[in-house]
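Trainee: Full structure from sequences and hints, please.
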Amino acid sequence: MSDEFPTSAADIAWNVRNNITSAADVLERHLAAIDEREGDIHAFNLVLADEARTRAVEIDEAVSVGRDPGPLAGVPIALKDNMCTRGIPTTCSSKILDGWRPPYDATVVTKLREAGAIVIGKTNLDEFAMGSSTENSAFGPTRNPHDTTRVPGGSSGGSAAAVAAGFAAVSLGSDTGGSIRQPAALCGVVGVKPTYGAVSRYGLVAFASSLDQIGPFAHDVADAALVLEAISGHDEMDSTSIRQAPLDITRQLEMGVAGLRVGRITDLPEGASPDVAARLDEAFDTLRDAGAEIVDVKVPAFGYGLTAYYLIAPAEASSNLARYDGVRFGHRIEAPDTNAMYMATRTDGFGAEVKRRIMLGTYALSAGYYDAYYGRALKVRRRIAADFATAYERADVLLTPASPTVAFHLGDKTSDPMSMYLCDTYTIPSNLTGDPAMSVPFGTGDDGLPVGVQVLAPALEESRMFRTAAELERRAPR
Amino acid sequence: MSEIATDADVETWTFRGYEMVVGLEVHVELATRTKLFSASPNRFGDEPNTNIDPVTLGLPGALPVLNRQAVELAMRLGLALDCKVQRSTFARKNYFYPDMPKAYQISQYDEPICIDGWLDLPGSIRVGIERAHLEEDTGKSTHVGGTGGRIHGSDFSLIDFNRAGVPLVEIVSRPDIRTPDQAKAYVSELRAILVAVGASDAKMEEGSMRVDANVSVRLPGAEFGTRCEIKNVNSVRSVGRAIEYEAQRQVGMLEAGESIRQETRHWDETDGRTHTLRSKEDADDYRYFQEPDLVVVDPDPEWIERVRWSLPVLPAARRARLAAATGQPADAEAILVVTDRDQDTYVVAVAEAGGDAGRALVHVKEAFAEQGERPTVPAADLAKLTRLEVDGKLTATQAKQVLAEIVATGGGDAEAIAAAKGFEAMDTSELESMVDAAIAAQPEAWAKFCAGEGKAMGALVGAVMKASKGQADGKAVTALLEQRRAT
Chain U
1 MSDEFPTSAA DIAWNVRNNI TSAADVLERH LAAIDEREGD IHAFNLVLAD
51 EARTRAVEID EAVSVGRDPG PLAGVPIALK DNMCTRGIPT TCSSKILDGW
101 RPPYDATVVT KLREAGAIVI GKTNLDEFAM GSSTENSAFG PTRNPHDTTR
151 VPGGSSGGSA AAVAAGFAAV SLGSDTGGSI RQPAALCGVV GVKPTYGAVS
201 RYGLVAFASS LDQIGPFAHD VADAALVLEA ISGHDEMDST SIRQAPLDIT
251 RQLEMGVAGL RVGRITDLPE GASPDVAARL DEAFDTLRDA GAEIVDVKVP
301 AFGYGLTAYY LIAPAEASSN LARYDGVRFG HRIEAPDTNA MYMATRTDGF
351 GAEVKRRIML GTYALSAGYY DAYYGRALKV RRRIAADFAT AYERADVLLT
401 PASPTVAFHL GDKTSDPMSM YLCDTYTIPS NLTGDPAMSV PFGTGDDGLP
451 VGVQVLAPAL EESRMFRTAA ELERRAPR
Chain S
1 MSEIATDADV ETWTFRGYEM VVGLEVHVEL ATRTKLFSAS PNRFGDEPNT
51 NIDPVTLGLP GALPVLNRQA VELAMRLGLA LDCKVQRSTF ARKNYFYPDM
101 PKAYQISQYD EPICIDGWLD LPGSIRVGIE RAHLEEDTGK STHVGGTGGR
151 IHGSDFSLID FNRAGVPLVE IVSRPDIRTP DQAKAYVSEL RAILVAVGAS
201 DAKMEEGSMR VDANVSVRLP GAEFGTRCEI KNVNSVRSVG RAIEYEAQRQ
251 VGMLEAGESI RQETRHWDET DGRTHTLRSK EDADDYRYFQ EPDLVVVDPD
301 PEWIERVRWS LPVLPAARRA RLAAATGQPA DAEAILVVTD RDQDTYVVAV
351 AEAGGDAGRA LVHVKEAFAE QGERPTVPAA DLAKLTRLEV DGKLTATQAK
401 QVLAEIVATG GGDAEAIAAA KGFEAMDTSE LESMVDAAIA AQPEAWAKFC
451 AGEGKAMGAL VGAVMKASKG QADGKAVTAL LEQRRAT
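Sequence lines, in order, name chains U and S. Residue 438 in this note's numbering sits at position 438 of the first sequence; the count goes up by one each step and never skips. Residue 121 in this note's numbering sits at position 121 of the second sequence; the count goes up by one each step and never skips.
One should not assume that every hint holds.
Within a straight-line C-alpha distance of at most 20 Å, the following computed EDC-like cross-link-like pairs (lysine to aspartate or glutamate) qualify [unchecked claim]:
1. S:140 / U:337
2. S:84 / S:135
3. S:455 / S:436
4. S:280 / S:111
5. S:84 / S:305
6. S:475 / S:430
7. U:379 / S:110
8. S:93 / U:371
9. S:93 / S:82
10. U:379 / S:111
11. S:231 / S:255
12. S:203 / S:342
Don't read these hints as lab results, they were simulated from the structure.
Mentor: Here's what the structure looks like:
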């Protein structure tokens, strides 16, 4: 790509809207990048080249007759393949959804179209978003564009890699326990999990309904804000959607952090590798230099998040995934009777990690075990929320690592589920509380691989979170 | 037209010293325009799989959105049953079945919308209402081939998802019912209330009202026995038959020294028995947990009061009004029938138009079965007819003939019709001479009648009727005969 050619979503949209660059040109450059490197990376389950070209023509025609296609005009965007696209396969990287084409678009897809974006493809993920490396995909793993022997993180690894590799200007992922923020950190891009309910879940294939939230990946903080503004806002089709106007972030991005109280969690669970810990320390120093006040806070229940999460998320998943029974759509293995058909279909259609979680969750909800497991996890969840509320009395935002380590090698953790689960130690609490959190690239760690710092904020305080991330981005080590 | 329990014997039922303890769970489909969680129409009898959408089919990514009208109808029926309306939540009841699209049913579980009400049976006991909660219906399976329409052993199954997601309310009574007639009266009265408040059309034959009965037996004063749940009870009459059979079956087992197994049983209308469907040990573990896709339903007091004040006059109050107007007991058959047909207001209107309420009630019950809530006969016309009767201008028999004509033509002046038919009020002296003639003609019958043989009266009355060509008032004749005997 030439130096003048726009690569950020904000620049692309500005150029397209002002008839300086055509959406078709922008699209072809991204398709060329896909042609060049997708074979090594495997970010996509499906590249929608034809559909995207048709759409680019429409956008260019609109501009030529003086119509404004919207704030994301001509921006190529990749969608995690667990978001429903009308008439286009939506697989969740699972064999069980083989052949299924949703008869409807997810609300985010509709909103992106209304904003002028171009869906360029559906990206790979850990099956049903269960995993932290995108190795649990029925279609094979995605690789990290910074080092193809390493994982991109997960479960939204395809969406993170697509942005990092320049296949799409921005992308959407879903985050149930860190599935946007951890791959963003490992791929060196910005990744945001918004406040629960800020973005409609209608059309997002559910993993754990009370934790799932859609959010953007982007090259920079401003692009992430632009996409989040376009996809947020109340939706009548999602009962858990918050009744409020779309988030308003961009206008405050340049306000800086002077006077902002940035909390350091002194009882944060250990586990971050030294290179990541060092970058986090630098991040605090950087924000202090920029005028923020660094305060010490405690979140005593933080460390129980992982345990509570691995009861709540599988419990909801065991129910959410029960509908994949071979009766109405997707994969079916024929058998002599209905129960045998259910069993054969689900045995063959689901991968090992999905089965593990269905069994965990079924057990946690069983008669006689509910109180000890699921019921208790809900109490821990409330306790964590209370602890964060107390911390936010003293701090406006909090900083933690996004991932305990930089990207690890493929196969490193596949045989040990527990070590894989620990990847999400720092990201899980925000899902349990519903508060927003984002990962912003901040220098590099071992082997020159990207490190992400996580910024956390109270519910619906996205603009404060983005201001902090923007400051870190401006002052990031080169 | 529903059956109405009118048997006088609603107070006791015992079988070899045992009494029955019955609680009823009644499912009713709410009369909403759309489904409980989606915009598809809630309509019975359409082409299979036409009233469907991503939510109904449980497609990946689809989310439920609660129907406000369903909540309001649940509140209406709850308030009509004197329930408390409270903050409520939805849960998922997880089990696999092909006509259950999500493999879980969204249902209110530990926090139902309505609790702690009651239902007074006409002229009988008060039955407690434990709860009334909202839930979604399943689709409908048709199993082809095999035996008995069961899924097991069938060649293939067809599923219609039109019914999936239709809003239901399950109304759970306390185990306060002690006789089959009380159970029948409970179902009839509940149905009348549901229809009156517009919550449901409550048609058992179309399945929009379905009854499950929990039945146990015990020696009076003993602890509750082990209960069995009876399913597939599809009419008011079956409710009585099924629990009668089941209670006797349980008594038989206890007398044979066997114990009752807690189980679900299926009522078979054709052989008049209940059969084991599944035992408690085979019951699914439903793994209930709060539905994360929905939020708490917490109707504010203002809404609750608005619904309360919008309720119509309920059947019990309407029967009481009719009882007061006619001087008959509120559980009299005519009052039950006329109120069930929604013709009670009409009878009151006849009284208000100067008519005799008691005669109007009889005429409406006997002659207005084909007429709806608003009979075509103007209230004033029926009022005039009843006045002629009570004033002795027409006999009951004549009135009946005049009424038949009024009904056939949709109204008319009773006096003119009577005149046209040549009916003349028989004056008392004319009737007296006919009575005396009858006594003179049948001295034996008269002697028997005077000796207290009631049957003998028939011959005397018959003779008067014959002499008057059917125009004499039977009651007046009887009264005259008794008067003659007494003097």
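Trainee: Checking each numbered hint in turn, tell me which of them this model violates, lowest number first.
Mentor: The structure breaks hints 4, 9, 11; every other hint is satisfied.
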